[in-house]
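Line by line, the protein sequences are chains A and B.
The first sequence runs 271 to 384 under the numbering used here.
The second sequence runs 155 to 264 under the numbering used here.
Think of the hints as simulated: they come from the structure by calculation, not from any bench.
Virtual Cβ for every residue (Gly too), placed ideally from N, Cα, C.
There could be a bad hint or two in this list.
Taking lysine to any residue pairs in the SDA-like style, the calculated list, with each CA pair at most 20 Å apart, reads [to be verified]:
#1 A:Lys307 to B:Thr262
#2 A:Lys312 to B:Thr262
#3 A:Lys307 to B:Ser155
#4 B:Lys161 to A:Lys341
#5 A:Lys312 to B:Lys219
Covered stretches of chain A (in silico footprint by chain B; criterion: 3 or more residues with CB under 8 Å from a CB of chain B, positions within the stretch not fixed) [claimed, not checked]:
#6 281-289
#7 327-337
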Amino acid sequence: GENVEQHPSTLSVQEGDSAVIKCTYSDSASNYFPWYKQELGKRPQLIIDIRSNVGEKKDQRIAVTLNKTAKHFSLHITETQPEDSAVYFCAAYAGGTSYGKLTFGQGTILTVHP
Amino acid sequence: SAVISQKPSRDICQRGTSLTIQCQVDSQVTMMFWYRQQPGQSLTLIATANQGSEATYESGFVIDKFPISRPNLTFSTLTVSNMSPEDSSIYLCSVENGQYFGSGTRLTVV
């Protein structure tokens with residue numbers, strides 16, 4: 271089955287700096303890669319996603335890049351703000367007949383210091 | 155968009171008992187997904203619930219422990235049976251391929 275590795279497990283940045291979180295996946299058939307933000311005690315919230323036919327996608331301060339050959343994708347947050355502090359999860363949609371089966375990375379605790 | 159109402163939001167249960175978690179969606183959806191998030195961990199898919207058929211369980215999860223109902227296209231339940239402290243987790247339902255999650259049920263087994 272699909273295996274998703276996420277790094278780093280914790281990331282601490284100063285307000286205004288950029289943050290980058292990286293994920294690798296194992297199943298070359300995976301074709302959908304969402305990113306989630308989970309604040310303490312709350313549900314995961316989809317913040318951006320990318321499909322395998324696109325190399326990069328941007329939405330204001332966040333962007334995601336995908337390298338299908340290397341089987342890795344990254345989340346980039348620019349001009350970080352304290353409210354960006356949360357746990358971020360990447361995920362990959364496993365190919366095959368299991369519609370909608372997402373495999374999640376281990377998570378990254380992002381702390382943005384004012 | 156889809157709005158999911160999940161309940162209960164939290165519960166403290168005695169070991170050996172069972173708890174049923176409900177998810178109600180404000181629109182009809184083909185698939186509903188149940189996840190477990192153990193303390194400080196990531197999300198793990200328990201099973202996929204398709205209306206009108208048996209749920210599909212992931213490796214490590216069995217129907218006797220986590221029976222699921224899907225009586226219609228807007229509702230599903232997950233039961234955590236014969237609970238032990240190791241079942242203490244957050245349980246979440248999801249629809250639309252992970253686009254939307256319920257608010258979660260924080261279960262503590264004592």
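Structure versus earlier hints, numbers of those that do not hold, lowest first
When the structure is compared with the hints, numbers 1, 4, 5, 6, 7 turn out to be violated.
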